[in-house]
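Asker: Single-letter residue listing:
Protein chains: 2
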Amino acid sequence: MEHLKTGELAKRAGVNVETLRFYERKGLLPEPPRRASGYREYPEESVTRIRFIKRAQELGFSLDEIQELLALRVNAETPCAGVKDFTEKKILDVQRKIADLKIIERALKKLTAACPGQGSVSDGCPILENLDIEF
Amino acid sequence: MEHLKTGELAKRAGVNVETLRFYERKGLLPEPPRRASGYREYPEESVTRIRFIKRAQELGFSLDEIQELLALRVNAETPCAGVKDFTEKKILDVQRKIADLKIIERALKKLTAACPGQGSVSDGCPILENLDIEF
DNA sequence: CTTGACTCCGTACTTAGGTACGGCCTTAGA
DNA sequence: TCTAAGGCCGTACCTAAGTACGGAGTCAAG
Chain W
1 MEHLKTGELA KRAGVNVETL RFYERKGLLP EPPRRASGYR EYPEESVTRI RFIKRAQELG
61 FSLDEIQELL ALRVNAETPC AGVKDFTEKK ILDVQRKIAD LKIIERALKK LTAACPGQGS
121 VSDGCPILEN LDIEF
Chain H
1 MEHLKTGELA KRAGVNVETL RFYERKGLLP EPPRRASGYR EYPEESVTRI RFIKRAQELG
61 FSLDEIQELL ALRVNAETPC AGVKDFTEKK ILDVQRKIAD LKIIERALKK LTAACPGQGS
121 VSDGCPILEN LDIEF
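Note that the protein sequences, when read in sequence, are chains W and H. In terms of the numbering used here, the first sequence opens at residue 1 and continues consecutively. In terms of the numbering used here, the second sequence opens at residue 1 and continues consecutively.
It should be emphasised that the hints constitute simulated quantities derived from the structure, not laboratory data. Among the hints, a few may not be true.
Identical chains blur together in the list; that is why a pair holds if it fits in one copy or across any two.
[To be verified] Derived SDA-like pairs: lysine to any residue, alpha-carbon spacing no greater than 25 Å straight-line:
id: 1; residue 1: K102; residue 2: E41
id: 2; residue 1: K84; residue 2: F22
id: 3; residue 1: K5; residue 2: A81
id: 4; residue 1: K26; residue 2: S37
id: 5; residue 1: K5; residue 2: I91
id: 6; residue 1: K110; residue 2: R12
id: 7; residue 1: K26; residue 2: E8
id: 8; residue 1: K84; residue 2: A113
id: 9; residue 1: K89; residue 2: T112
id: 10; residue 1: K89; residue 2: P33
id: 11; residue 1: K84; residue 2: R21
id: 12; residue 1: K84; residue 2: E65
id: 13; residue 1: K110; residue 2: A71
id: 14; residue 1: K90; residue 2: K109
id: 15; residue 1: K90; residue 2: S62
id: 16; residue 1: K84; residue 2: R25
id: 17; residue 1: K110; residue 2: L28
id: 18; residue 1: K26; residue 2: G7
id: 19; residue 1: K89; residue 2: T6
id: 20; residue 1: K110; residue 2: E41
id: 21; residue 1: K102; residue 2: R35
id: 22; residue 1: K54; residue 2: D100
id: 23; residue 1: K89; residue 2: R25
id: 24; residue 1: K110; residue 2: L4
id: 25; residue 1: K89; residue 2: S37
id: 26; residue 1: K102; residue 2: A36
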C-alpha cells in the first residue's frame, strides 16, 4: 500500500481527520497530490510526520515552533547562518527542558523512594511534604 | 517585605495580574489571606509556585496535570498507594519526555555540527536534509 | 484630605488547537 | 448498478489558558 486516504492516515497516526485538514491549512502538513476526484493521496511518510508533530507538542513545542523545526529539513532558500543560529538556540532550549525535567524526575523519585505504598498519607506516608521543586 | 499584593506578585513572577485570579479560580494557587479591605496578601513562596507552574507548562504539562503534581505535597487524605502509583506513572512520563528531547537534541546537533555558518542553503549547506526525527 | 495608582469583582473577549456539521460527490463491494 | 462508507469543502463550534474591561472601593504620598 503506497498511498493513504485521509481516513487511513488519520487512523494510523491516531488523529482526527479534521486535524489533518487543519494541519494542512496551517502549513504543517504539505498538500498531498490529489486524484482526479479531488481525494488526497498521502505518502506513507505522512504518518511519521504527524506523529512527530503530536509528540513535539507533548514536549511543549507550539505548532509554530514545530513548523520551524520541520522547515529545517525542507526550506532551501534560507541563509545558512540563520539556520545555524536558529538551530543552536533550539538546542539550548531543548537542553534546558531536559535539565528541568530531570529536576522534576529527581523530586518525584525522592517521593516514591521512601514510600511503603501502604497506609494513608496523613499518618506515616513519607512521600509528601517533600516535593520541593525550584527553578 | 513579607506580604505581596497582587500587582507585586504578578510582577515578580512575570505574569499578568489576571492570571493570578485565574489560577486561584482554578485551584492552582491557594486563596491567600485578605486584609480587611479585601486585598489579597500573598506569602513570598507564591512566587516560586507561579514560576513552577509556568515552567511546567513549557515542559508540556497542562494546568490539570500541574495541579495533580502540586497536590502531591499538600493533600493529606489520599491513600498512600494511590499517590505512589500516580507518582510512578509521572516518572515514566517524564523519562519518556527526556528521552525524546534527547533524540531531538541529537538531530539538531547533527545539523549544526557540519555547518560552516556561511553561504546559502541551496548550494552547499550540509545542515539540511538531515533532520530525521523518528519516534 | 486629596488624588493617582492599585485592587476588587463579574463578565466578556481572545488565541491556539482542534472538532463537528451538513450538503454534496466518489468509491468499492455485494 | 445501487448503496453504504467515506471524502470534499466551508463554516461554526468547542476547550484550554489566559486577557481585557469597567465601575466601584482602597491606599499612601504629598
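Asker: Which holds for K90 with K109 at a C-alpha limit of 25 Å: within a copy, between copies, both or neither?
Answerer: Between copies, since 10 Å is at most 25 Å while 28 Å is not.
Asker: Treating 25 Å as the Cα threshold, decide for K110 and R12: within, between, both or neither.
Answerer: Intra 38 Å, inter 29 Å, cutoff 25 Å: neither.
Asker: At most 25 Å between alpha carbons: which applies to K84 and E65, within, between, both or neither?
Answerer: For K84 and E65, only the intra-copy Cα distance (16 Å) is at most 25 Å; the inter-copy one is 35 Å.
Asker: For K5 and A81, with the copy left unspecified, which applies at a CA distance of at most 25 Å: within, between, both, or neither?
Answerer: neither (39 Å within a copy, 46 Å between copies)
Asker: At most 25 Å between alpha carbons: which applies to K84 and F22, within, between, both or neither?
Answerer: This pair counts as neither: shortest intra-copy Cα distance 29 Å, inter-copy 39 Å.
Asker: Checking an output row: K26 and S37, CA cutoff 25 Å. Within, between, both or neither?
Answerer: within (23 Å within a copy, 49 Å between copies)
Asker: Are the CA atoms of K102 and R35 at most 25 Å apart within a copy, between copies, both, or neither?
Answerer: Answer is neither; intra-copy 48 Å and inter-copy 39 Å both fail.
Asker: Tell me, please, which holds for K89 and P33 at an alpha-carbon limit of 25 Å: within, between, both or neither?
Answerer: neither (34 Å within a copy, 42 Å between copies)
Asker: My question is about K90 and S62: at a cut-off of 25 Å on alpha-carbon distance, are they close within one copy, between copies, both, or neither?
Answerer: Both: 13 Å inside a chain and 22 Å across chains, each within 25 Å.
Asker: How would you label the pair K84, R25 (within, between, both, or neither) given a Cα cut-off of 25 Å?
Answerer: Classified as neither: same-chain Cα gap 28 Å, cross-chain 43 Å, threshold 25 Å.
Asker: When no copy is named, should K110 and L28 be tagged within, between, both, or neither for a Cα gap of at most 25 Å?
Answerer: between (40 Å within a copy, 23 Å between copies)
Asker: Could you figure out if K84 and R21 sit no more than 25 Å apart (CA to CA) within one copy, between two copies, both or neither?
Answerer: neither (31 Å within a copy, 41 Å between copies)
When held up to the earlier numbered hints, the structure conflicts with 1, 2, 3, 5, 6, 10, 11, 16, 19, 20, 21, 23, 24, 25 and 26 and fits the remainder.
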